[in-house]
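Colleague: Sequence:
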Amino acid sequence: MTEAVGGRSHGCGTLRAGDAGREVRLYGWVGARRDHGGVYFVDLRDRSGIIQVVADEEATEEARAALAGLRLEDCVAVRGRVRRRDERNRNPERPTGEVEVLVERVEVLARCDRLPFEIVDDLDAPEELRLRYRYLDLRRRPMLARLELRSRANHAVRCQLVEEGFLEVETPLLTRSTPEGARDYLVPSRVRPGSWYALPQSPQLFKQLCMVGGIERYFQLARCLRDEDLRADRQPEFTQLDLELSFVDEEEILAVVERVMARLFAEILGRELPLPLPRMSHAEAIRRFASDKPDLRNPLEICDLGRQAGTIGFRIFDDALAGGGLVRGVRLPGGARLPRKRIDALEQACKDAGAAGMAWCKVGEDGPSGPLARFLGGDAGAAFLAAADCRPGDLLAVIADRPRRALVALDALRRAAGRELDLVAGPDRLLWVTDFPLFEQDDDGGWFPAHHPFTAPHPDDLEDLLAGRREGIRSRAYDLVMNGVELGSGSIRIHRRDVQEAVFAALGIGPEEARRRFRFLLDAFRFGPPPHGGFALGLDRLYALLAGADSIREVIAFPKTTAGGCPLTEAPAPIDPEQLAELGIRFTAERGEAEKE
RNA sequence: GGGGGUGUGGCGCAAUUGGUUAGCGUACCAGACUGUCGAUCUGGUGGUUGCGGGUUCGAGCCCCGUCACCCUCGCCA
Numbered sequence: 000m001t002e003a004v005g006g007r008s009h010g011c012g013t014l015r016a017g018d019a020g021r022e023v024r025l026y027g028w029v030g031a032r033r034d035h036g037g038v039y040f041v042d043l044r045d046r047s048g049i050i051q052v053v054a055d056e057e058a059t060e061e062a063r064a065a066l067a068g069l070r071l072e073d074c075v076a077v078r079g080r081v082r083r084r085d086e087r088n089r090n091p092e093r094p095t096g097e098v099e100v101l102v103e104r105v106e107v108l109a110r111c112d113r114l115p116f117e118i119v120d121d122l123d124a125p126e127e128l129r130l131r132y133r134y135l136d137l138r139r140r141p142m143l144a145r146l147e148l149r150s151r152a153n154h155a156v157r158c159q160l161v162e163e164g165f166l167e168v169e170t171p172l173l174t175r176s177t178p179e180g181a182r183d184y185l186v187p188s189r190v191r192p193g194s195w196y197a198l199p200q201s202p203q204l205f206k207q208l209c210m211v212g213g214i215e216r217y218f219q220l221a222r223c224l225r226d227e228d229l230r231a232d233r234q235p236e237f238t239q240l241d242l243e244l245s246f247v248d249e250e251e252i253l254a255v256v257e258r259v260m261a262r263l264f265a266e267i268l269g270r271e272l273p274l275p276l277p278r279m280s281h282a283e284a285i286r287r288f289a290s291d292k293p294d295l296r297n298p299l300e301i302c303d304l305g306r307q308a309g310t311i312g313f314r315i316f317d318d319a320l321a322g323g324g325l326v327r328g329v330r331l332p333g334g335a336r337l338p339r340k341r342i343d344a345l346e347q348a349c350k351d352a353g354a355a356g357m358a359w360c361k362v363g364e365d366g367p368s369g370p371l372a373r374f375l376g377g378d379a380g381a382a383f384l385a386a387a388d389c390r391p392g393d394l395l396a397v398i399a400d401r402p403r404r405a406l407v408a409l410d411a412l413r414r415a416a417g418r419e420l421d422l423v424a425g426p427d428r429l430l431w432v433t434d435f436p437l438f439e440q441d442d443d444g445g446w447f448p449a450h451h452p453f454t455a456p457h458p459d460d461l462e463d464l465l466a467g468r469r470e471g472i473r474s475r476a477y478d479l480v481m482n483g484v485e486l487g488s489g490s491i492r493i494h495r496r497d498v499q500e501a502v503f504a505a506l507g508i509g510p511e512e513a514r515r516r517f518r519f520l521l522d523a524f525r526f527g528p529p530p531h532g533g534f535a536l537g538l539d540r541l542y543a544l545l546a547g548a549d550s551i552r553e554v555i556a557f558p559k560t561t562a563g564g565c566p567l568t569e570a571p572a573p574i575d576p577e578q579l580a581e582l583g584i585r586f587t588a589e590r591g592e593a594e595k596e
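Quick note on numbering: numbering that gives the first Met the number 0 labels position 269 of the first sequence as 268, and the sequence is numbered without any gaps.
Please keep in mind that the hints were generated in silico from the structure rather than gathered at the bench.
Small disclaimer: the values here were computed from a predicted structure and weren't measured.
Just so it is clear, CB atoms sit at the ideal spot from N, CA and C, and this is done for glycine as well.
Just so you know, not all the hints are guaranteed correct.
[As the list claims (entries may be wrong)] Here are the computed lysine to aspartate or glutamate pairs in the EDC-like style, where the Cα-Cα straight-line distance is at most 20 Å:
hint, residue 1, residue 2
1, K292, E126
2, K340, D434
3, K559, D232
4, K559, D351
5, K559, E346
6, K350, D434
7, K340, D427
8, K292, D232
9, K559, D226
10, K559, D575
11, K559, E57
12, K350, D318
13, K350, D365
14, K292, D183
15, K292, D393
16, K340, D393
17, K559, E92
18, K559, E577
19, K292, E485
20, K292, E127
21, K559, E126
22, K559, E569
23, K559, E283
[To be verified] Computed beta-carbon distance windows for the label pairs:
hint, residue 1, residue 2, range
24, D522, T560, 22 to 32 Å
25, E61, L582, 40 to 50 Å
26, R222, V484, 13 to 23 Å
27, P510, V161, 23 to 33 Å
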């Protein structure tokens, strides 16, 4: 490669005692330097690992000077001879710690400026800074390890599915708006001014078209784009393992996904994932955990106090029930010993989740105490506590609110209580949540698809659906949940025209609107569509869990900030007026001002 | 769109109730040191306290606005 050193012969991290005496040519970056005024050490690092390069009295004066002149993170080539270290100088902390490379020749390939942050494993720098210099962040071992994990996991997924007869198919990025319900990213068409592409929120319709096309078993590591606000577990662009199968029912789809998960557990974590995974209906999950993605490592459960809450004379409960709301609580076994401050923290968690407050009482040997206690004196109070199965030493926390908000608060309460009492423990807990409702209702009473409008209804509810009912209709949709995180979801799709029409009708989508939005799919379904269904697994979330990372940004090479920006490229950015003119686009005055400069 | 948090040399932090010249570690620069391994020791450079305004004799600290980032509710099937 370079004339002075010669072509690369080894990776730094690969050298072992058996290589002693060998001449090696290494390429990499300068890590720590240690200068003893006569003997110089440099930790040379490449992707394979770190090796100590040394210049002592055996090295030429020129080589010693060259090594001593290196700075942190210079990119260099080194030629030298591997030698075994004296016993007292070995470093058992490192795989290469038995050897070192006596330098013969050093060539600086590129100097490094002063660094914005240190290249160390336990870096504590602002994330924004790490993102602006992501290429430096990636030099850190933990980042490299996460990207390696991601690459190995992607490979394992592909191997498993190809072995099972799946075909990897790429679908368009420039497409038209699809029915997922999120905001689209739009791309203007130059050749057809006024018309726009949409970037895919998922390949949903294309994979169904693949089924009509006879692919039978499709998969893709698909990039998906949604213009919505971000979170620690949400990016505007993310990757999902998208798959679809023909001529199968739920059982085969769930089994395939389970085998993929088991393979990932085996290859990435080195652990066996016991199959089949447990299943729970959506209704049961809501009832017991106030969540459609319960963390089963948390043993706390929700109790419904709606029947007793109206009998104790507490106006907040009465009002909630009168307004069609819920009164439900969480019993914290042994929670009576919690100090007031910790209980306040629980209430704050409920308030943060949108609840007006949290009623609570401690249960003692001689009756309840705390704010709620004065309503719990008589038989009604005893019945109330009994309904929650309270025993002396417990803390009972109760939420009374409109149904949706109550459930959000109860979920938050359960999570916070699990944290406060340190109850969330044990091995990873995966489960299927099944029998989701087909439709959900927004606060204005409008109905929308809980999954998407091509989800098949549960066979037992088909008659009700065709009769025009919406409430309580179950679907053939299912979610995969791990440790309280929704990893993915899927469903059996509708392939019967009358059922599809009934669903559209239930959603208030008339025949014209249906044709306008989904014509290509409805057309395709005229030509002998096979029964089919599929699944989509959020790989960023899954890999974050497998890597033990707090945020999916840690397993994405170049992630966005919560405002959807990229600190590295400074995207999104204003563009030239000429580009806009060519596309026939003009900003409104207000926006135009903002974009000027 | 709503709520909360953070913002002080490149980076991590400190600075009494508002009070002298904004301090420490690390990185960086220079010097010393022949076996270190996140080397050590000595010395040094480096700050418009995110930005704008206000209160005050006096603001890193108090008030208002704004920006960026993070968390969260809505939103995202």
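Colleague: Could you work out which of the previously given hints the structure breaks and list their numbers from low to high?
Modeller: 1, 2, 4, 5, 6, 7, 10, 11, 13, 14, 15, 17, 18, 20, 23, 24, 25, 27
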